[in-house]
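There are 2 protein chains.
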Amino acid sequence: MTASPDLYVRDLHGSLQDPVLGAVGFLNEVMSRYPDAISFAPGAPHPEFVQGLDTRALTERFLTHLVTDRGLDPAGAERALYEYGPAQGLINDLVAEALRGDQGIHADPREIVITVGAQEAMLLTLRALFRDADDVLAVADPCFVGITGAARLLDIPLVPVQEGPVGLDVDHLAAQCREARATGRRVRACYVAPDFSNPGGVRMPLGVRHRLLDLAAHEDLLLIEDNAYGFTASEDDSLPGLKALDRERRVVHIGTFAKVGFPGARVGYAVADQRVRHADGERLLAEELADLKTMVTVNTSPLSQAVVGGLLLDHGRSLTALARAKAERYRRNLACLVDALDHHLADELPPGIVWHRPAGGFFVRVDLPVPADHALLEVSAGAYGVLWTPMSQFSLTGRGDRQIRLSCSYLEPDRIETGVRRLAAFLRKETGA
Amino acid sequence: MTASPDLYVRDLHGSLQDPVLGAVGFLNEVMSRYPDAISFAPGAPHPEFVQGLDTRALTERFLTHLVTDRGLDPAGAERALYEYGPAQGLINDLVAEALRGDQGIHADPREIVITVGAQEAMLLTLRALFRDADDVLAVADPCFVGITGAARLLDIPLVPVQEGPVGLDVDHLAAQCREARATGRRVRACYVAPDFSNPGGVRMPLGVRHRLLDLAAHEDLLLIEDNAYGFTASEDDSLPGLKALDRERRVVHIGTFAKVGFPGARVGYAVADQRVRHADGERLLAEELADLKTMVTVNTSPLSQAVVGGLLLDHGRSLTALARAKAERYRRNLACLVDALDHHLADELPPGIVWHRPAGGFFVRVDLPVPADHALLEVSAGAYGVLWTPMSQFSLTGRGDRQIRLSCSYLEPDRIETGVRRLAAFLRKETGA
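Chains as they are written, first to last, in numbering that gives the first Met the number 0: chain A, 0 to 432; chain B, 0 to 432.
I should point out that these hints are in silico values taken from the structure, not numbers from a laboratory.
Check the hints yourself; a few may be wrong.
Subject to a maximum C-alpha distance of 25 Å in a straight line, what follows is the list of computed SDA-like cross-link-like pairs (lysine to any residue) [to be verified]: (1) B:K325 <-> B:G51; (2) A:K325 <-> B:E77; (3) B:K325 <-> A:E77; (4) B:K428 <-> B:A358; (5) B:K325 <-> B:A56; (6) B:K325 <-> B:D338; (7) B:K428 <-> B:T396; (8) B:K325 <-> B:E96; (9) B:K428 <-> B:K325; (10) A:K325 <-> B:G75; (11) A:K428 <-> A:G351; (12) B:K428 <-> B:R32; (13) A:K325 <-> B:A76; (14) A:K428 <-> A:H342; (15) B:K325 <-> A:R99; (16) B:K325 <-> A:P73; (17) A:K325 <-> B:P85; (18) A:K325 <-> A:R185; (19) A:K325 <-> A:D338; (20) A:K325 <-> A:G75; (21) A:K325 <-> B:R78; (22) B:K325 <-> B:T182; (23) B:K325 <-> A:L348; (24) B:K325 <-> A:R78; (25) A:K325 <-> B:A74; (26) A:K428 <-> A:L312.
Chain A extracted, bound-state conformation (with noise of 0.2 Å):
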């Protein structure tokens, strides 16, 4: 007789009952059991991005900037879509162009290296960082769910840090490097995004951002800086991210072509223009991250590569331009949302429903009187048809029990408007204390 072949997930790796795990699946559970329902969960994109695109025209793009600008022959062009590349990308160099000139970022090509989005950015980035179960990452709270994923997945311990009207309070992650070396522990990073965090919303304002530097020298821990959103800023609007701001290389700046670009292409990449000592020399950050690379994904695909090359080739290499049209969308999208919050909850509405009036990004925040639970959840999809996000599953402590995370980017303003009303009939029935 032989045991059962079935596996026992008590047996298996701890990552697999990550509450967020369960936490998504039941999201799309519910919005495929309401399919009429409105959701604000997606922070999908608008569906005017995610079409039409001329892939071979992108690509033909990328060709020719490989055998005008970079003197490969057109055969060999053709083969570097095909073959095997190298581990740190084959669009380093326009990356790093639309970096310096659009965001104030100056990176060599050989600090870059480009990714499986963002996400294979930020698994790379923890993999090099943490040695062992002594380093800690400090995290916002509530957070990015693919960033405490990826650590969960490296059995990475994660200490939150409150995030408040101007983002991460410096001081609670103060208070934090504090404890952890009291129990011999380190915080060897903290991960921030400090333009319109995901589920936040929130912007932190430039004097937090010089001040969080100054903790990361003081404490020598590293930030890893998330900037998915930052290109929703008005341009005259914008602040300086932490890499422009930085002097010491504390920060490692993580990007992603999914909001600028489409999600589909799957590419992102990490400055990390750290240098590493080695007994015998110093290497890149960035190339010890090519590294890793090669055992997790071997190289990004050289066509998605090409299709993002000719997207900045196109606009002129330049983030912003690429991004300008969906910047101006998501914008009138988030007005839209927070238009209707004012106008639908103005009155009528039980005490202590807050929403919050983010300056850009995907998201808006909404303060409950009650648990903005799953069975909360239920109600709201079912008898109002309206979706929304739990703030809680988002966060390692609970916080956030009584928030909602509301989500425009990808509908049309009257679904938005029609939207907020069943929320507000919904808010005004079933929130009352």
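Keeping the supplied structure of chain A fixed, place chain B upon it in accordance with the hints.
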């Protein structure tokens, strides 16, 4: 004063000091210093298979399939290329159909996860199966560096199992299981490439396959089968893979389109039909792998999946048909290499030089009478203009320190002939006792 912002490799994760990373770097560096040398080092695809691909037509073919076979409207099919897609994949049905028809693997599409190459499939499988440091992974020694590298990234302990002329030594694996148990650990899984392993080039006879499956059942371990090179067997001489023989869901089968299609696609897959019991029901291991994948790469680029889907559709939904011309080319190259060795190494050689005769795959092993180290490789490259890979760089134990691996996949026959002539001169002069 702040501390120096540089990092020290000793403070980073141990995988960055994996000797494999250095060895690969060394080989590339030697190749760049001797551009005129003939290199038997890379297992790269033949150039004729990385040109002239009409990715647009292949993509159109796949879009038509989505519309006619799966009932998507044309706009929805197009959006599927550009949006985030399902983490589990878009082409699972086509892969399932091909595996059933070509390889006798009967898997439901839901039992498959599409990955960014075989490499990501290995990483995900290891992550799911290995709970903590008491779970060890058995690997053939010498072994493909992608699996040992992924294990190091996840801090999974490795135990070597000797590979002999009939493949993995099943008795040695049994002994390693006993020894692990005696120290409170368990061999959780064993990685094996039964068809023309990289680097050994060995094929496992049918009887050994059955013995391995029996041992897996007896020891309650899983087999991770890598089938990258099985397609190179001639069609009247192929053996059923472990997954085709698997009656107890003991095998996770990993495949790649890098060789039967093209590497730049970065598309692979895992067949993981194991049932995983949770407190509230059962899930498929493939679904668990897809959940983990959301924290690694989110999903495999639909652009790439569409091209690979188009390749399958263009070849009657058959991997064998897709691979036919490639299998013929690689068999011809292998025969050419072995013939040249027979011809040029026939006499006047120091004793102790033996070359092997694999029935398929990309690699020929040669035993030397002296250590095949980096110093010897420098001599071979510099004075004789021929490069090869020291087998010891694939070993956990230093095994194979007097062996080299010759790869001939990407070379033209005349280059193989010339390269072997140089190799013969080198061996004659430099490997005498």
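Honestly, which of those hints from before does the structure not fit? 4, 7, 9, 15, 18, 20, 22, 23, 26
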